[in-house]
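Enquirer: Using the sequences and the accompanying hints, generate a full structural model.
In this text, residue positions in the first sequence follow my numbering: the first is 351, and each later residue adds one.
Do not take every clue at face value.
[Claimed, not checked] Computed spacing ranges between beta-carbons, pair by pair:
#1 Asp429 x Asp634: 33 to 39 angstroms
#2 Asp634 x Gly427: 33 to 39 angstroms
#3 Asp698 x Lys662: 30 to 36 angstroms
#4 Glu710 x Asp535: 57 to 63 angstroms
Simulated from the structure, these hints should not be mistaken for laboratory data. Backbone N, C-alpha and C fix where the C-beta goes; we use that ideal spot for every residue, glycine too.
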Amino acid sequence: MAKAPRLRFAPSPTGYLHIGGARTALFNWLYARRHQGTFILRMEDTDQARSTPESVQTILDGLRWLGIDWDEGPGVGGDFGPYNQMARLGIYKEYAERLIAEGKAYRCYCTREELDARRAEYEKQKRQYKYEGTCRDRQDAPDRPAVIRFRMPDGEGQASFTDRVLGKITKEWSDLDDWVMLRADGIPLYNYGCVLDDHLMEITLVGRGQEHVNSTFPQLMLYRALGWEPPEFAHFPLILGPDREKLSKRKHPEADVMLHARNGILPEALNNFVVRLGWSHGDDEVITRAQMLEWFDFAQVGSTSGVWNPEKLLWVNQQYFKSMAPEALAALLVPFLREKGFTVPDGDPRPEKLVKALRERARTLSEMAETARYFFSSGVTLDEKAAAKHLTADSKPLLQRVRTLAGELAAWTPEPLEHIVKQVSEESSVGMGKVAQPVRVAVTGGTASPGIGETLELIGRDETLRRLDAAIGRIP
RNA sequence: GUCCCCGUCGUCUAGAGGCCCAGGACGCUGGCCUUUCAAGCCGGUAACACGGGUUCGAAUCCCGUCGGGGACACCA
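Expert: Quick look at the structure:
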């Protein structure tokens with residue numbers, strides 16, 4: 351039996367939790383959990399200009415909201431910590447010195463300006479700039495701060511690996527170059543910190559986005575130089591925006607996981623939607639967490655990038671609305687109702703009734719709350735077109751009759767209310783719609799709502815009678 | 001420009017040589033149901049990028065072309 355796998359998610363805390371990151375986390379988490387492995391969270395907080403503690407918190411909150419927990423990492427500790435790179439600077443320095451001593455890395459004294467100028471010059475000549483040709487063994491090096499560069503081995507060779515989703519990928523050494531491992535201030539760059547940490551944390555499988563396949567090669571060179579066995583790799587397809595470009599924080603607001611939470615998308619739905627972007631299990635669309643855990647594997651992860659499809663997310667969300675326990679959904683709806691400014695006391699029975707009436711009519715919690723507006727307001731604003739069509743001289747006697755019967759009603763519940771409409775339509779020998787629609791317009795202001803009984807119950811006796819009176823009053 | 005990856009309906013995808021004149025889902029759309037709107041049910045729309053091979057047979061394998069994306073920082 352193979353050793354239990356250890357997987358990690360290593361975000362850089364430079365903003366909110368990104369959708370692509372969330373899916374990467376989910377895939378890794380699913381795999382780790384499915385194989386009784388360990389899921390590790392590591393903060394790659396080495397970008398001093400952009401990393402913030404708030405962002406660390408946001409990412410942690412986002413993962414928790416999605417229901418992704420970690421066995422080692424911030425907040426929970428573990429035997430391979432610390433789990434944020436800025437606390438591991440000593441480690442990076444130690445191995446860098448070792449590599450220099452072995453001739454596998456060197457101090458590069460070139461300044462940024464010199465490098466920029468040289469790169470520009472080569473670009474003008476349409477030649478490929480090579481650091482190894484200009485930075486190594488510089489003899490004129492003044493005593494100034496230096497970065498530490500990895501030294502590509504001399505001679506011919508290939509770096510290759512077998513990706514768990516892409517298959518075998520190879521690159522010639524000649525297409526690689528010397529690269530910066532450590533900055534002059536001792537802070538590591540991605541390729542360096544990543545390799546050291548993955549090895550030291552005993553990561554067995556690195557699952558990350560396809561934007562990283564090229565960085566796998568320099569990393570492989572480093573594993574080789576250090577004499578370490580590289581982990582397995584799995585590169586996931588990218589998630590694209592409507593413009594077909596990689597979903598990015600700058601260009602695509604929908605890349606923010608918590609934006610969807612604020613819009614009233616359920617975490618289950620977002621997980622479901624996102625797991626289907628790049629992975630599938632036959633024709634299954636609505637997939638529970640338990641099923642994901644049972645079915646997920648990298649073998650079924652595709653290699654083609656996928657476009658973010660908001661319509662389908664909404665549809666998935668509604669599927670969860672319909673299958674969830676009403677009381678649970680109601681609890682989630684309350685904050686959205688209050689957000690709209692509606693008064694909802696604790697223990698209010700209305701949210702649950704609202705959920706039952708509206709979950710097939712709304713695709714987000716936010717939309718559901720908005721749809722519920724006429725249940726909470728005092729009086730209604732009539733849609734003029736609807737009023738002109740349904741609040742007429744013909745319907746006036748029907749409305750009056752409904753008003754009278756409703757006023758006498760003992761139990762204000764859907765069935766008897768529904769019965770009133772039926773009774774009035776029979777008495778007057780007209781279709782149900784001839785009665786229900788005017789009533790609907792009178793109490794909701796428009797022509798669309800849940801069943802008339804449910805609607806009237808939710809609006810309440812006093813408010814219903816008031817609105818009926820008001821509507822009758824405006825008909826000449 | 002160099003390198004890497006990818007290419008099935010508008011979108012997400014099934015498909016691992018014959019089960020496919022390509023299946024499911026979202027969307028769009030026709031109908032049914034119906035007191036409205038939804039939901040639900042039934043139906044429709046629409047794809048193997050192109051060209052060469054290999055094979056009795058290719059969406060599936062190979063090559064080329066074209067197309068898309070990604071990476072080329074003292075960001076990650």
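Enquirer: Does the structure break any of the earlier hints, and which numbers would those be?
Expert: none
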